[in-house]
Amino acid sequence: MQVNNIKPFLLFLAILATSCIKSYEPLISSGDVFKVVVSGVVSDRDGNQTVSISLTSRINSPEPKPMPGCTVTIADIQGHRFPMTDLNDGNYHGFISPSYLVKGNAFLVEVTTPDGDEIISDNDPYTTGPEVDSVFYTLKEIPTGNPNKSTKGIQFYVNLDAGATDSRFYRWEAFETFEYHSDYLREWYYDGRLHHISPPDSSLRVCWLTLMVRDVFALSTQNLAENKYTLFPLHFVNNKTARLVYGYSLLVNQYSLSEQAYNYWDQLRTNSTNEGGLYEKQPLSTKGNLRNLTHPDQDVLGYFGVSSLHSKRIFVSNVENLELEYISPCTMNPLGQWGLADVNPKLFPIYLLGDFKGWQPIIMAKSCVDCTSLFGINVKPEFWPY
Amino acid sequence: MNVGIILLQLVLLGSPSAGNDPGQKIACHFQGATFTDFCEAIQKETGITVFYKADWVKDLKVNIQSDSISILSAVNLALSGSDFKAYIWHDNLVVMPRDALIDKLPDFDTQTNGSATSSQQSAGISPSEERYLTGRKQDEEEIITVGKPGKIKSGSRVSVMGRIKDEDSGEPVVGATLFIEELKTGIATDLSGFLTIVVPVGKYNVQFEHIGNKKKHCQLIVLSEGSFTISLKKTVIEMQEVVIYGDKQMNMRLKDAGLEKISMRAIKELPMMMGERDILKVSVTLPGIVSEGEGATGLNVRGGSSDQNAFYLNKIPIYNTAHLFGFLPAFNSDIIKDFSIYKGYIPAQYGGRLSSVFNIITRQGNRKHFTAHGGISPVSGNIVLEGPIKKDTCSFLISARSTYSDWILAAIKDPDIRQSHAWFNDLSASVNYDIQKTQIALFAYHSKDQFKLSDINRYQYANNGVSLSFSHNYTNLFRSEFSLVGSQYSFSTVDNHEVSSAYKQGYKMGHYEAKLEFKHLLSDQHSLNYGAGMIFYKLNRGTVEPYGDSSFRKRTDLTDEQGLESSLFISDAYEINRRFTASLGLRYTLFTPLGPESVYHYQPGMPMEIKTISDTVLFTKNKPIKWYSEPEIRASLNIKTDAEGSIKIAFNQMHQNLFMLNNSIVIAPNTQWKLADYHLAPSMSNQVSLGVFRTMPKSYLETSVEVFYKLTSGTPEFKDGADFLDNPLPETSILQGSQKAWGVEFFLKRSSRKLEGWLSYTYSHSIIQVNGDKDWDKINGGFAYPANHDIPHSMNMVLTYHVNRRITFSSIITYQTGKPVTYPVAVYYVDGLPYLDFSKRNAYRIPDYFRADGSITLEGNLKMHKLIHSLFTFSVYNATGRANAYSVFFRTENGNIRSYQYSVIGVPIFTITWVFKLGNYASE
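Protein sequence lines correspond, in order, to chains A and D.
Mapping to my numbering: the first sequence position 316 is 316, numbers consecutive.
Mapping to my numbering: the second sequence position 660 is 1046, numbers consecutive.
Derived from the structure by calculation, the hints contain no laboratory data.
All values derive from a computational prediction rather than experimental measurement.
Hints are supplied without guarantee of correctness; some may be wrong.
Said to hold, decoys possible - The list that follows gives simulated cross-link-like pairs (lysine-lysine, DSBU-like), each with its CA atoms no further than 30 Å apart:
| # | chain 1 | residue 1 | chain 2 | residue 2 |
| --- | --- | --- | --- | --- |
| 1 | D | Lys-776 | D | Lys-823 |
| 2 | A | Lys-346 | A | Lys-366 |
| 3 | A | Lys-287 | D | Lys-539 |
| 4 | A | Lys-312 | D | Lys-940 |
| 5 | D | Lys-997 | D | Lys-1126 |
| 6 | D | Lys-838 | A | Lys-140 |
| 7 | D | Lys-890 | D | Lys-924 |
| 8 | D | Lys-905 | D | Lys-619 |
| 9 | D | Lys-1105 | A | Lys-35 |
| 10 | D | Lys-619 | D | Lys-430 |
| 11 | D | Lys-940 | A | Lys-103 |
| 12 | D | Lys-430 | D | Lys-539 |
| 13 | D | Lys-439 | D | Lys-589 |
| 14 | A | Lys-35 | D | Lys-1164 |
| 15 | D | Lys-924 | D | Lys-838 |
| 16 | D | Lys-890 | A | Lys-228 |
| 17 | A | Lys-228 | D | Lys-997 |
| 18 | D | Lys-1160 | A | Lys-35 |
| 19 | D | Lys-1226 | A | Lys-22 |
| 20 | D | Lys-777 | A | Lys-140 |
| 21 | A | Lys-287 | D | Lys-1226 |
| 22 | D | Lys-940 | D | Lys-1105 |
| 23 | D | Lys-1126 | D | Lys-534 |
For reference, chain A alone in the conformation it holds in the complex (with noise of 0.2 Å):
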């Protein structure tokens, strides 16, 4: 829970006007040690668990450094070990029956690396949590720097009940899913010659996108007088992407925590969202429950859990009062002055606009006519309503 608000005292600042945010690159010197990173959540939804084992890499050059070859297993309290097998991608599987999971076991994973150092997380303890109270959203417009414009869209929150449940540490993770559409069918197109398509591809119109969404939700009720709490703001959906168009669907998991493992990303949270204003808190590297016991000076990052887990799935479809802006990224240009000559051969195939009658001298983009080309699968989700 973020006690410290900055954006008040940069009223004064702003007051003013003379406050600034610039890009900045610090030099850095990343050094040629990566660290071992291991996460992973033993939940009590389906027996299915995954333990992930990365590197780190450079500051300046991110990329998912994914470890295999290492030997996991998982251990609970009560002496059961799980194996867990090496899918030769980072991840580790093995299946653990919901039926372990329960109030007062915990867990530990144990990592020999191919290296042969031994990695060791403290014993997780497994918390009870409830059902996903509600997940809902309202209207909402955020100001902008010209007071005659604001952004308007809708932004999502979470109840939570708990019940009797014990847990008083939470985290969410939310999953959107949103159906789009290719602003046109694909029925011209060229790739040295000319081909027409009759009647036009409709295959590629219709798309659906999932992504993570990309913030650390976790809360904490030990400051409450009650273990519930009422909207529990998760993410903002401006009005101007195709997100709300078509149909939008969000899925919320909610994992119990340990108070460790609140803490673990709650500080991750704090390092993400960090604003750089005029009484934040330093940042500062972020230990998790993990630790390398053949070499005790070197940090393993990440956490090792033991949760439950709950979802719930909503859908949201024409939002009241809601005016949409949305722009399609669908982008058109004319063809040059010696026709489908001009068109560099590295752009094949290139999509033209036109109808059953003929084609027209203007390239659209491959967004134009093949909703696959912006990510997202032309294959239904299951979970769809209509």
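Add chain D to chain A, keeping to what the hints say.
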């Protein structure tokens, strides 16, 4: 000379010289008599005493045969053939080497002087007008006579108490110096304008000096123990005789050293961001003092954290020295009379903070006539009213200041800010009663800041305080001061960011102090200062309460705290000889946190957490919880190397029982103070410093180099990621470590010229280490790391150029190494999202800081007769528009990591300020 002496006697002693006239004719018949016999005869006959040194006259034989000769001539006749001559002195005669004294007055009018000069003003023109006129005249030589003749043998030492007042306002002058040329010694007035010096009976050439007042040369004739009062004129022609003195200049001559002083007059022309004179902002241009940054209240003195500085305003402790988040000072700089900063040797009467004492004394109000002045800047206005309640003995001063910045807010685009509100005010009032031997001062202070950001956040804080002090001079050598101080700092906040966790909290800290202090001059070599003090702290950390109907916030009572700090102190300033002066001070403080309180014990060998609480001990009301015994040694040695140079060595020990717990990089307005308690021990520092000081009078320069090394133990630091608010058990989030600071400070100053100012450069470091036995008792893995305010290079140049009496250009140029910062050094992915891994604490630095400010001050016309005098200051802050980084931060945006720098001020800021006062240019 005759005239002068006679008048002096009339004035000083009030007894006309009826029968005693050294000019009277006597019959005189001596043959082969010794000089001693001769003089005794004269005294028997005429009552006139001849003072002489027996050595000088032991070989003289007196042969005089005359029926009518003036006594003076007779004595001179008797002295003929020797190197001595008789001078009339107080209707008596004194034998001195020839030409030792000026026996002819300058051609201009002699000004009579003494304790009753004040009534000498001619009717029709005001004192300031008179001063304005006379200010153009040449220096007068004045004669001050102390004591009564005939009581003391020549050569014996007596104490002389002096009081220095401002001629116009009648207020005592603080820190004015008296320098005796013959003895090459001097002394400065204390906070009530008193000074005491022990000197042999005799006649001296002395000079009085004070910033903002004209230097005055006088003859001081000491006949016996006694006292005098002298008035100094305001500087009129010379705008800034001296800008800063203290450690530097005073040190050359005086034993009372170890401090920096800033004169308010001197900073009048300096460019200021909001157009207000801010003495705290000027203080950061001095060596060894750096600001925490724009928009921050805190100062770091010699590598100490910002809570290690004590700020006293007429003895009232000020726990938040800023308005508007650090942009303006919390007190009206126009009422400040004296501003001293102790950062090296701290006198034994001060304690409780590790790094420094900022002692601010306000003016007491004009004792002669009523006057008013004020100023208006874009964000605030102030007014000061002052005048006598009873002429010459009792005066008042009222100051008020407020802001009207909301009009700017209303013009801002951001709707949240348009609906916001920022406001402050401060008021102070003082009444001073001053009769010959007794001074009573009553001072009250109030300041309040309020701030509301739309409906999201509300915040206010206030300082309130009253001080009453009573001082009395029992004798010239013995003076006491008793003071009572009550002060309260409070803040309250409402946070309505998320309805479910909305909260409000109030915080209050009371400081109640009684102090008794004696100054005792044992001899001309020893001056003692001793006393006792007691401070009762009462903190109410408040309750975090739910705000609004839909808040689920749990009520968390952060509990009350009480503590009693009792101190005894004694110090001796010992002038070993003309070359060496030593000061030795001892201070002993006993601090005890008091109940009611529940003290938690934790399982040994485990981290302090709620889970590991093993026992709870309840302390009833006012029951001592723990005793902390804090002996301190303060010592300094000044060595005068020659007339223009000196070396000063000091050792200083301090303790601190009250901490500001602050988790952000700089002091946020809602930081809380916390007493040392059962778990949190007081911190302690030892500092050694060595300074070399030199003046170059011909080039009007003075310079100094000082080195210091300071070791602090028990520095409280937050554990990684810990938060203070909401935590009723601070010990679970705080660790105590050690802090090391060292540095070298260079200072060069030019004064009394058209172009003047100073240049300071400091190289210093401040390193913290928290390395407990167990893993959880370490910060940064137990490795040392630079403190947030570790600034290796800091350079400041302050220049003022007086084009003429009405136009002054001024500038401040500041350069500092960037502050330490923790940067991300690696990226890793969890569930496809990138996260940052950070470096060791404070392993990197933000970009360096550079700023240049400039200003032009235009004085109104110099007409003598007018109702109001005006002054306009046009200033530009950050003239180059450089966007100095305040912080550098990293944000994950759409899976990419971007770095940004945040600048508080990224453009030049222009301000126009209008300052007015009743009267003409010279009025105060």
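Consistency of the hints with the structure:
The suggested pairing of D/Lys-776 with D/Lys-823 holds, with an alpha-carbon distance near 17 Å, which does not exceed 30 Å. Restraint check: the Cα-Cα separation between A/Lys-346 and A/Lys-366 comes to about 14 Å, which is no more than 30 Å; the hinted pair holds. For the hint linking A/Lys-287 to D/Lys-539, the alpha-carbon distance of about 82 Å lies beyond 30 Å, and the restraint is violated. A distance of roughly 28 Å separates the Cα atoms of A/Lys-312 and D/Lys-940; the hinted pair therefore holds under the 30 Å criterion.
Using a Cα cut-off of 30 Å, the hinted pair D/Lys-997 and D/Lys-1126 is violated, with the two alpha carbons roughly 34 Å apart. Distance check on the hinted pair: D/Lys-838 and A/Lys-140 sit about 22 Å apart at the alpha-carbon level, within 30 Å; holds. As the CA atoms of D/Lys-890 and D/Lys-924 are separated by approximately 21 Å, the hinted pair is consistent with the 30 Å bound. Only pairs whose Cα atoms come within 30 Å are accepted, and D/Lys-905 paired with D/Lys-619 is accepted, the gap being roughly 28 Å.
This hinted pair checks out: D/Lys-1105 and A/Lys-35 have alpha carbons roughly 23 Å apart, not beyond 30 Å. About 44 Å separates the Cα atoms of D/Lys-619 and D/Lys-430, which puts this hinted pair outside 30 Å; it is violated. A hinted pair counts as satisfied when its Cα atoms are at most 30 Å apart, and D/Lys-940 with A/Lys-103 qualifies at roughly 26 Å. Simply put, D/Lys-430 and D/Lys-539 have alpha-carbon atoms about 18 Å apart, close enough for the 30 Å limit, and the pair holds.
The suggested pairing of D/Lys-439 with D/Lys-589 holds, with an alpha-carbon distance near 13 Å, which does not exceed 30 Å. A distance of roughly 21 Å separates the Cα atoms of A/Lys-35 and D/Lys-1164; the hinted pair therefore holds under the 30 Å criterion. Simply put, D/Lys-924 and D/Lys-838 have alpha-carbon atoms about 28 Å apart, close enough for the 30 Å limit, and the pair holds. Restraint check for D/Lys-890 and A/Lys-228: the C-alpha separation of about 19 Å stays at or below 30 Å, so the hint holds.
A threshold of 30 Å between alpha carbons decides the hint, and for A/Lys-228 with D/Lys-997 the separation of about 23 Å falls inside it, so the pair holds. Taking the CA atoms of D/Lys-1160 and A/Lys-35, the gap is near 23 Å; set against the 30 Å cutoff, the hint holds. Taking the CA atoms of D/Lys-1226 and A/Lys-22, the gap is about 25 Å. The hint holds against a cut of 30 Å. Proximity of D/Lys-777 to A/Lys-140 is assessed by CA-CA distance (about 67 Å); at most 30 Å being required, the pair is judged violated.
Distance check on the hinted pair: A/Lys-287 and D/Lys-1226 sit about 12 Å apart at the alpha-carbon level, within 30 Å; holds. Note on D/Lys-940 and D/Lys-1105: the hinted pairing holds, with a Cα-Cα distance of about 24 Å set against a maximum of 30 Å. A C-alpha spacing of about 57 Å is found between D/Lys-1126 and D/Lys-534, which places the hinted pair above 30 Å, so the restraint is violated.
Hints 3, 5, 10, 20 and 23 from the list above are not met by this structure, while the remaining hints are.
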